[in-house]
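Engineer: Let the sequences and hints guide you as you build the complete structure.
Protein chains: 2
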Amino acid sequence: MSELEFVLPEEIEKRSFEIISRELKDRNILLKKEQEMVIKRVIHTSADFEYADTMTFSANAVDKAKALVRNGAHIVTDTNMALAGINKKILEGFGGEAHCFMAEERTAKLAKENNTTRAAVSMELAAEIGKPLIFAIGNAPTALVRLYEMIETKTLIPDFIIGVPVGFVNVVPAKELIMSTEVPHIVNRGRKGGSNVAAAICNAILYELVR
Amino acid sequence: MSELEFVLPEEIEKRSFEIISRELKDRNILLKKEQEMVIKRVIHTSADFEYADTMTFSANAVDKAKALVRNGAHIVTDTNMALAGINKKILEGFGGEAHCFMAEERTAKLAKENNTTRAAVSMELAAEIGKPLIFAIGNAPTALVRLYEMIETKTLIPDFIIGVPVGFVNVVPAKELIMSTEVPHIVNRGRKGGSNVAAAICNAILYELVR
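Sequence order for the protein chains is A and B.
Everything in the first sequence is counted per my numbering, starting at 1 for the first residue and increasing by one.
Everything in the second sequence is counted per my numbering, starting at 1 for the first residue and increasing by one.
Calculated from the structure, these hints are not laboratory results.
One side of the interface only, derived from the structure: several residues of chain B facing chain A at Cβ under 7 Å:
#1 19
#2 168
#3 172
#4 195
All C-beta atoms, glycine included, are put in the ideal place defined by N, C-alpha and C.
Structural biologist: Printed below as a string of structure tokens:
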């Protein structure tokens, strides 16, 4: 049986990141300085080193996301799980707010009327916030497809997209659509991702701003 | 570029599970009937087929968990993300409730006083609920260690443990401790897991009860 190690509660995260750093080195993976804390936090939340290969960043993505938060950007997610995971206290300290419209009654109603998903409707509702917007999509590829359509038709130009839905139906092409745009983004290529990954990326950016 | 496939919103999940079933077959992985929907839903939430090898079930675990929910068991989680992800509507239909004590003020206070984690304190607070309890642990190995200590000292015998914390410090041995007990459990061996996985397991059990 493996042995329990005595680690003080406040030291657990630090120790985890030391292990992640060492194992990345063992695998000869060298991360770009700007992206390092985002990728490490995603590995921390998933125990999956594959993310070191698949996480894709547009130019200066992390610096741009940090600047947006600093200027009071709001975050819009497609799941209440991601919303629960985001450190709203730090975000609110910069004047931002986190939103998820998925569980609202009007969202379900509009989705039914338009034969679309609640996630796609949520993107349209987000346009009404009237603030700089970071979209953090951890579940629904249809949210990314709708964002792409809105970008193409210039209905809404998101300031930033974190595109990490997980799954088997349309997840891969939806991510490719976002990567083909000019919108600053962090996308995880392939099937993997999730609400936990979306929240981890948001938090990595938020923690960088207060450390 | 990959092609988007047209799938009706209500068909997306069904189509995802068909792909998962086909790929499990391609990998020559045959799941036990009782465990099938739990493992498939975890793969659905993670896009990670490794779970088919590492998910560990005590004897008749899924049937036991279903019986507990049917009899009004409550679910206690160690993160608000897992709490957000659990289908509380179905759970409440059977008379149960879902709880997470992590963000409560008394939890932080007690953790500080006792130099332990909020997750460990949360396990102690759960003992006061006075209902059959399913613990769904997706984040904190210290929660599993505390549960193990409580089982050993007969302070609290959980009715069921879903033990799927993710991470690098004490996650592996904490899971082994739970697997060494007589308490019915579903545990993911190794480092992987997470709040999303904990919620997916709870939901697989809940959905089985209403389909």
